[in-house]
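Number of protein chains: 2
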Amino acid sequence: MYRTNTCGELNIANVGQEVTLCGWAQRIRKMGGMTFIDIRDRYGITQLVFSNEINASLCEQANRIGREYVLQATGKVAERSSKNAKNPTGEIEIIVDTLKVLNEAATPPFTIEDDTDGGDDLRMRYRYLDLRRTCVRANLELRHKMAFEVRKYLDEHGFLEVETPVLVNSTPEGARDFVVPSRMNAGQFYALPQSPQILKQLLMVSGFDRYFQIVKCFRDEDLRADRQPEFTQIDCEMSFVEQEDILNMFEGMTRHLFKAIKGMDIPVLPRISWHDAMKYYGSDKPDTRFEMKFVELTDILKGYGFAVFDSAAYIGGICAKGAASYTRKQLDALTEYVKRPQIGAKGMVYARVEADGNVKSSVDKFYSQEVLQQLKAAFQAEAGDLILILSGDNADKTRKQLCELRLEMGSQLGLRDKNKYSCLWVVDFPMYEWSEEENRLMAMHHPFTSPKPEDIPLLDTDPASVRANAYDMVINGVEVGGGSIRIHDSQLQAKVFEVLGFTPEKAQEKFGFLMNAFKFGAPPHGGLAYGLDRFVSLFAGLDSIRDCIAFPKNNQGRDMMLNAPGELDPSQLEELNITTVIKSK
Amino acid sequence: MYRTNTCGELNIANVGQEVTLCGWAQRIRKMGGMTFIDIRDRYGITQLVFSNEINASLCEQANRIGREYVLQATGKVAERSSKNAKNPTGEIEIIVDTLKVLNEAATPPFTIEDDTDGGDDLRMRYRYLDLRRTCVRANLELRHKMAFEVRKYLDEHGFLEVETPVLVNSTPEGARDFVVPSRMNAGQFYALPQSPQILKQLLMVSGFDRYFQIVKCFRDEDLRADRQPEFTQIDCEMSFVEQEDILNMFEGMTRHLFKAIKGMDIPVLPRISWHDAMKYYGSDKPDTRFEMKFVELTDILKGYGFAVFDSAAYIGGICAKGAASYTRKQLDALTEYVKRPQIGAKGMVYARVEADGNVKSSVDKFYSQEVLQQLKAAFQAEAGDLILILSGDNADKTRKQLCELRLEMGSQLGLRDKNKYSCLWVVDFPMYEWSEEENRLMAMHHPFTSPKPEDIPLLDTDPASVRANAYDMVINGVEVGGGSIRIHDSQLQAKVFEVLGFTPEKAQEKFGFLMNAFKFGAPPHGGLAYGLDRFVSLFAGLDSIRDCIAFPKNNQGRDMMLNAPGELDPSQLEELNITTVIKSK
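Going down the list, the protein sequences come from chains X and Z.
Per numbering that gives the first Met the number 0, the first sequence starts with residue 0, numbered consecutively.
Per numbering that gives the first Met the number 0, the second sequence starts with residue 0, numbered consecutively.
Errors might be hidden in some of the hints.
Identical chains share a label here; the pair holds if one copy fits it or two copies do between them.
With a straight-line Cα cutoff of 20 Å, these simulated SDA-like cross-link-like pairs (lysine to any residue) come out [unchecked claim]:
| hint | residue 1 | residue 2 |
| --- | --- | --- |
| 1 | Lys-82 | Gln-16 |
| 2 | Lys-518 | Leu-457 |
| 3 | Lys-292 | Met-183 |
| 4 | Lys-215 | Asn-102 |
| 5 | Lys-151 | Asp-454 |
| 6 | Lys-451 | Asn-102 |
| 7 | Lys-99 | Gln-507 |
To be clear, the hints were calculated from the coordinates, so they are not data collected in a lab.
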C-alpha cells in the first residue's frame, strides 16, 4: 500500500496522526520560509506544508515540485491556523517528514482546474488530463452511481440483466447501421445493434419475464450535440403486463433514482396525452418546469382585417407573466429569433397588459380594446403580462414555432432552472404518422407497437386517428425514455402491417424472423428504454451528453484522443475480403 | 396485471385463495374424467386441474390446449391428494374456473425439457425456444447474479464503473481486430476493442484511482469450444497499489462470490510460483482439486540400460492412489491416450505397488527391486498405488504431456468433482518468453508489465530469468483472471522495450500514445481482468462457455438464430466507400 489515507478524508479528528498520502500536485505556493503543496486525488485535496526553518533540504525538494507531479508524502496531521471552510479537509494540513516523487510530469497543455484555460479541441485531444478536472470526473462518478442504482432497483424487482450480442445482423428498417466485415464468412457483414429491440422481445418469447440491460447501441447518423455514434440505453421488457404496470414500475425506478442520488421526493408523474402535449406545448416532450401553455386564438382574432391572421389556419399565443416591461429592442430580438430559418416563423405579434388593465398590442390598428380584452381574458392575463402570438397556414408547424418561442421565453425569464425537475409521462401517441416522403402512413414508434384496444376498430375506418399503447417519460423537456406495449396477436399484427401498406409477403420478408418466433407462443409484453447518457446529463445539469461520457467522439465521429478511426494495413483488408474505394469528386 | 401470482410461489399456505396464473403449457395429461396441465413460467411450474364432471365445457377447452400454448388461468388453490415433493409447488394445484388462451403455439421443433431431444444445431437455430428450458435459463440467471454481486462488491470498495468506447482504433500488436468502416471518414476504420487495457491505464493517469467495467471485448480469431468472437470481461485497475493489495482485493471479491452465490466459505488462496506450477503440474493453470503432483525421477531411473530413459532429458511421474487394480487393458488405453498426436508422448511406463509392498513395473527387466523401492519412496507410494511415468528429450514438453496424463487420471478416478472448488494464485510469471517464430524474447503478459523489483538487475545480465509482478487466478484448472502491476517509470519502461528488441523509435511508434500520456504524471498502478463467461461456466459446472451466453455464436462465428453475418445492400457498401472482393480459389 502506497498510502494510509486518501486526500479527501482527514479532518480535525485526525490531528496528531502520522499519515501517508499519494496524489498529484495541484498547486504549489511559497510564502516566506514555507512551501505549501495542495495534493489531489479522486477523493479530495489536502494541504502539505514544508518549513525551511525546520527542514531546509526537504523544503528545497518541495520547491522543485512542478504542477501535476505524482507525490507520496508522509507526515503528521496538524490543525491549520487559517482554516478553509470550503474544503472538507480545510481544517488541517500535513507537516511533511518525507516526500517522494513517484513520477514527474510535463507541464499540462491546460490548467487542471474546474475553470480551465483549455479549449474544447485541446481538452478532447488530452481527454485523460481533462478527466483529472474535478467537475468532469464528478459527472462520471454520477454516471456510475446512477447505473448502479438502476441495477439495484431492477434486481430488487426481479429483472434479469441479459447480455445480448454486439455482432448481429443489419436491420432493413431504421437508421443506418455500423457494419463489421466477417473474415470467416467472405462477403458477409455483421451489424452493430441500433438497439436490442428484437432480442429483448425474443427473451420474452423465451419466458424471461423481466429483462433489462444497460447496453451500448450504435447508429451511423450525422451527429449533433446530443447524439453520439455509440450511446448507452437502459433497455427493459416485461411479460404479462399492461401499460399501467410498466408506467408504475418505471415511475418507481425514476423515483428511486431521484431519492437515492439527489435526496429528492418527486411527486406522482402527471400524464398528458400526446394530443394535449402538442396542443398546449407544441411538442411531444414539453418542458413543464413552467406553465406558459398555448392558447388558441383563431376564434378571437380572425376576421378583423389583419391579413396575416385572417389567412392563417392557426393563431396561437403564450402569456409571459410579468414580462410587459420587455423593451421594443427585446421584442424585436424575439421576432428575429422566431424568424431564424431553423424556426421559420413569418413574424410575431405582441400585446402588453398595462398597469390600468388596458391591452396595448403591435396590431392595435386592426383590433379594438374590446377584442384585446377578450385576448387578455383567454390567457387570464394580468397587468404586467406580455402576450406573444404566432400564426401560420399549418397548425402543426406554427405550434412548433410557438414551442421554440415558449422555451426561449422560459429561458429568458429564468424559469428553466437546472436544479428543478419536472417529470411527466406523455401517453397515447398516434400509431401512425403520415410520411410526405414515402406518401404513406408510417409506424410512429415501431410496427410491433400495440394500438389501444378501444381504437382497434378505427384501423379499418380511420387509421390515422388510432392511438398506440406507447409512452415517453419526459423530464425538463428531454425525452429520457420511451416504449410501448407490443402486439402479441398475429391477426392484429397482420392488420397493422396492412395499414402500413405491407403485403403479407413483404411483411414476412422484413419481419418474418420475429413473426416466426411469435408462432411458438408469445406472451403479452411491453417495455421501454431510457437513454442513460441523457438521463445522466439531466441529473448533472449538463447541456451536452458528451460531458458525461468518458471518451466521447466529436461531430465527425472521431475520437480525438485515440485518433480513431484510422487507416488499416492492406493485409488486414485483404484478410477481410474488402477494398476501400476513394471516390473522385 | 395479467396475473396475481407466479407459477413458482404458491404452496400449502395459499390453499383456498382465488388466483390467476400465466405461463406456458408444459405438459397436458388426461386421466379418467380429469385433465391436468402443468403451467410454466420463469419462476416455476404449477398444476392446473380441470374436471369433466364439474365443468365439461371448460374441461373440453383444456383438452384442446397444445404444448407451449400461452395461458391465463383463474381458479382456487387446493391441496393435492398425491403430492410431489420434488416441486416447490407440488403440494397444491389450481382448480380452474376460467381459462384463457393468450396465444396459441406451433409444435416446437424439440421438447422444452431439461433432457431434450433437440440436437445442438436445431437448438441454436431456435435459441429462443432453447432458452425456455429451465436448465439453460438457470445459467443466465446465475450470470445475472454473479455480475450483480461483482458490481456490489466493487462499488462497496470504491471502484467506479466507467464505460469505455466500443469504436476505437486498431492495435498494432495482439490478436486480429474486428473493424468497422467509417462512413464519415472515407477509407478509415474503427476497430472493436480486444480489451480496454490502454483506456483503463489512461483512467489511472486521470486519477480515477479504482476503475472497473463489465465489458464486451472482441477478437477475430479462429474459434474453439471455450472461445467466442465476443466475450465479456470484468476489467479492473487500481492506483497506488502493490501486487499484494490487488491480490487481497480480488481474493476478497472471489470469496464474496462464493459466499453470496454458493453459500461457500473458501479457504485463503494458496499462492504458487509459475516455476513451481510448471514443475509440479506441468501447467500454469493447475487443477488442484487433487494432489498427484509430479515427481522428477531422472536421478533414480537413469543409467540402468533402459535406452528410452537413459537418453531422456527429463523423467517424471505421478502416483495414482489406489489405482494398482488398473487392468492391462486400462493401462494400454492410457498409453494410447498419451500417444495421441494432440499430446505426443512416445510411450508410458507404469509400476504397481503390490499388497506385499513389492513394486511390479512394465520395465522390470531393467530395474532391480531395490531401484523400484527408491521409486516407490520418491512418491511415498503405498500398497495399491499406481505409478505412471513419462520421459522425453525436452523437459517442458514432457511435463505438458504428464499434465494431460494427470488430468485424465484425475477424471478417471473421480477427483474432478464439478461441485468442489479449488482456487489459487499463480504468481511470479516470467517477464519474457522465447519465441521460436520471431527468434527473440517476447513479453509474456504485455510490454507494460512490471518486473519484480529484485529482478531488475537481471534485465541486463539474464533477461529470460526476470520474473514479473504478474499473477493469474486459477480455479479447478481454469484461468479465470489475470493481470499485473504496470510499469510507471519511464526509464524502466525503456529498458524493458530494449530487451524486447525495440529501438526507442520503434517503441514510440508502437506504444507512443500511452507513453506520451504517462509523461503527464502516471501513478503506480496495476490491475486484472476476469473472463466473466468462464467464471460463470465454472460456477454453473458447464463444459463450454457457450451455455452461459444468451445468444452465442458457433465455431464459424455465425449466429444461427439471427443468421448473422449476412450480405449487405450494395448501396450500404457504396456509402461506406468499400467493395467486397471474392477471391478465386
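Hints the structure fails to honour: Hint check: 2, 3, 4, 5, 7 fail, others pass.
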